[in-house]
Amino acid sequence: MLLTQESWTPHYAGERCLILEFGNTIERKLVDQVVAMNARISAASIEEKLVGVLECVPTFRSLAVIFDPLIVHPDQLIEQLRLLDSDTGEKVISLGTQFVIPVHYGDESGPDLHSVATLTGLDEQRVIEMHQATEFSVYMLGFLPGFAFLGDTPKELHLPRRSEPRVRVPEGSVAIAMQLTGVYPWDSPGGWHILGKCPVPLFDGTLAQPALFKAGDTVRFKSIEKDEFDALNDLKLQGQFDRETLCSSQALSQ
Amino acid sequence: MNTITVTRPGLLSTVQDSGRFKLRHLGIPWSGCLVPVWQKMANALVDNALDNSVIESWEGGLDIAVADKSVRFAFCAHEGVELLLNDGVSTQKLQPAKSYLAPSHSTILLRSTGNYRHAVIAFSGLEVQKQLGSSSTYAKATLGGLNGSVLKTGDVICVNENTSGAEYQCTNPVLKDYEQNEIRVVLGPQQDHFSDEGINNLLNGNYTLSTDADRMGVRLTGPEVQHKNAAAKDIVSDAIVPGSIQVPGTGQPIVLLNDAHTAGGYPKVATVLSIDLPLLGLRRPGTVFSFRAVSIDDAINAVRVQDKTVQKAIGSLSCVTNNTISNETLFKHNLIGGVTDGNPI
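Protein chains in written order, with the working numbering: chain A, 1 to 254; chain B, 1 to 345.
Keep in mind that the hints are not guaranteed to be accurate.
[Stated by the list, open to error] Calculated lysine-lysine pairs in the BS3-like style (CA-CA distance at most 25 Å, straight line):
no.	chain 1	residue 1	chain 2	residue 2
1	A	Lys214	B	Lys130
2	A	Lys214	B	Lys22
3	A	Lys214	B	Lys140
4	B	Lys176	B	Lys312
5	B	Lys98	B	Lys22
6	A	Lys49	B	Lys140
7	A	Lys29	A	Lys155
8	B	Lys130	B	Lys152
9	A	Lys236	B	Lys130
10	B	Lys233	B	Lys98
11	B	Lys140	A	Lys236
[Unchecked claim] Example chain B residues on the side facing chain A (calculated, C-beta under 10 Å, incomplete):
no.	residue
12	Arg24
13	Gly27
14	Ile28
15	Gln131
16	Ala141
17	Ala239
18	His261
19	Ala263
20	Gly264
21	Ile300
The hints are simulated quantities; they were obtained by calculation from the structure and are not laboratory data.
Every residue gets a Cβ at the ideal spot worked out from N, C-alpha and C, and that includes glycine.
Excised from the complex, chain B in its bound form:
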């Protein structure tokens, strides 16, 4: 057995997998990694199942010590990230979306997450006991993670021992899809609680990400999304999903993220597409966003296209040996087949 140890937990670093499903009717949020594409890619790079648990850093400041056996790992983050590997002799700055072998007794140091908040780190064979079907940490109900908590100094996590083997990288631009400032939404379910002017403001105004943000949701400030009248400011509690844009009496939108509670009494003007939702968790306070309404058909099409793109990116990882790509690996990983399957997307 091999382990890694958290030597500095940083701010709100958690273990997350794809989420805890089928329990929303009991008031239990989905949780799960805020950037699913990064979770899948980081896992693919170390040959884990795509839905395997990863370590998600909310805002950097995370140090992880490797025990007396080496382990393979990869991380996904924005380009400005500063993740270092210290092998006791020298310190090397690592690139995102590429796998590395961390030698025994080395330390992985997440010094900065760059212009974005998160980094997602996958370790080969990382294993955390599941609770209610998931390892995802939901600290409010002490579910998942290690003893239901965010990572703490001294936490020890089981991983695989890796000694040799090829390293992989992903150069597909799908990983850089989080640079736009436009967020696609489907109007509803309670858009009829808002005045025409309120909805116009939402779709034409600029909204600034406030400092009020966590895994449950983010508050934005911008032109008031007016309710139709005073009575329209409340609803009898109705279901909430990650992506719901609820608007309390202030007219300032709150977008709910993965740890969103399951029901609430504020009307929801629109819902952010699941594939655009990571933007709101990733970007830093002060980022200015606009919202664009799309039809349900366009929304469905967009998520289907992205799913294929991600599958292709994962199917066509490049093998890197001394920064060159070997022909052997190209054949082995069916690079051509991964790039085009002959189907229009």
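If we strip away everything but chain A, and leave its shape as in the complex, we get:
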């Protein structure tokens, strides 16, 4: 992907963070711009063309640039970032990882599959088919460590949040609300419609890369039966799950 000129507006978020705002909607085009800018800042920091940047946080529509105010003034940083921006160069952004994530849809794993089918006027099998036919992008992580917001869920499945949020959405749940699909690495309260559950270690604090996903990755879901879910879940519980098997080149050949 060649870099193109992008437009962002800087906002101060205190004396150690700048928010580069690319827009105020949830759209893949904005996320792509955010992810590209993030990669460019990361490359420029490694090449020491940019000093004082400590870390960046991509969201749906903005990139937070956290810097050391003892080293750089945010106004200087904005100038440097604009130079990066116009330097379209020949750089190629590395693509994110492509994942295929096994999901057991429905039953006790997906308690809302039935109501989602009813509310959308589709049958349950059709809901599953549409969900797993979609190539999702990881738009951002947040809300909880490792929680991934994926988009876009097919239009036919867009629903507002449940009127009664659940006190506990179990770890591994795959749930939808509006154009987003969320994957829960932790038990948590939540108001999204749970379609299924994936038996995958989504967050492991003992690994150097604790979260499975990062912004810019792509995800497809693959429907699995309960016995396969149980087998994979056992691997997960024993700490034997090999995340590499989720990368699409491997997952699709299985």
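Mind docking chain B on chain A? Use the hints.
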């Protein structure tokens, strides 16, 4: 090897270091000691690296037993703190910002944190295994600390064995910088979601610290910080940093602290300066604050000045032997050089 044992954990006492960085993009908060100046000073007093792990008490009630070897320690807290050292014979009340040798089989008792919430205790050579680059406890994701948890009765932590050596103290007023009730903020990033009246209220009203407070954030109550309109009450999720003042539909501000989540959908009217943020975690419910907007230049200048002040305070610790300061130590620690480096601040 020497150890200390938690014999009474108190409320939300945790191991913290400077924080867990470079992982916010995965939804992992910074965490870290809520009062970084106290962390650095307490560590300096026991000759640790300034970013070493410390024990942070959220609200007192902490007892620590020393094993069969003595250990040096120091704590920082507000003056009203009651921290006792029981050596089995007598109980001595200790002063903050001063190092002490806790003899073998003694007990350190944090009885009251005074008018403020926290106390920060540093032990010489305290060592807790790091996870993802930090020992800071973030219990929600079972990260850091001892097994990802707040301190519990029976927890054993490795420390150095110390037998002799000088004790140090800090008399620099930088440690008392948490007495003001005015909090400096930089407006934004979403101040355009608020009406002029809402922003006026924020900058001219009095806001009372509620009981709703933890390491993630504190709620304040006061004049309503009105949004421009109903649509302005939500934003598409945007990054949050410690210090963000988010305002939900109620118009009552929430200031996020070190364990703040990384993104959220409430507009943020302003951001508290990092050096003023400890006030909100330190002070007790009922404390009345006001917010003052400063320019980005003033904010940058303020953090740079404070950094120099703290460096100087650490560079000029006084050696105390029987409460007198020896000339030898004054020379050794380059007290003069620490007080002025000839540069204007």
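Check your understanding: Does the structure break any of the earlier hints, and which numbers would those be?
Key -> The structure breaks hints 5, 6, 10; every other hint is satisfied.
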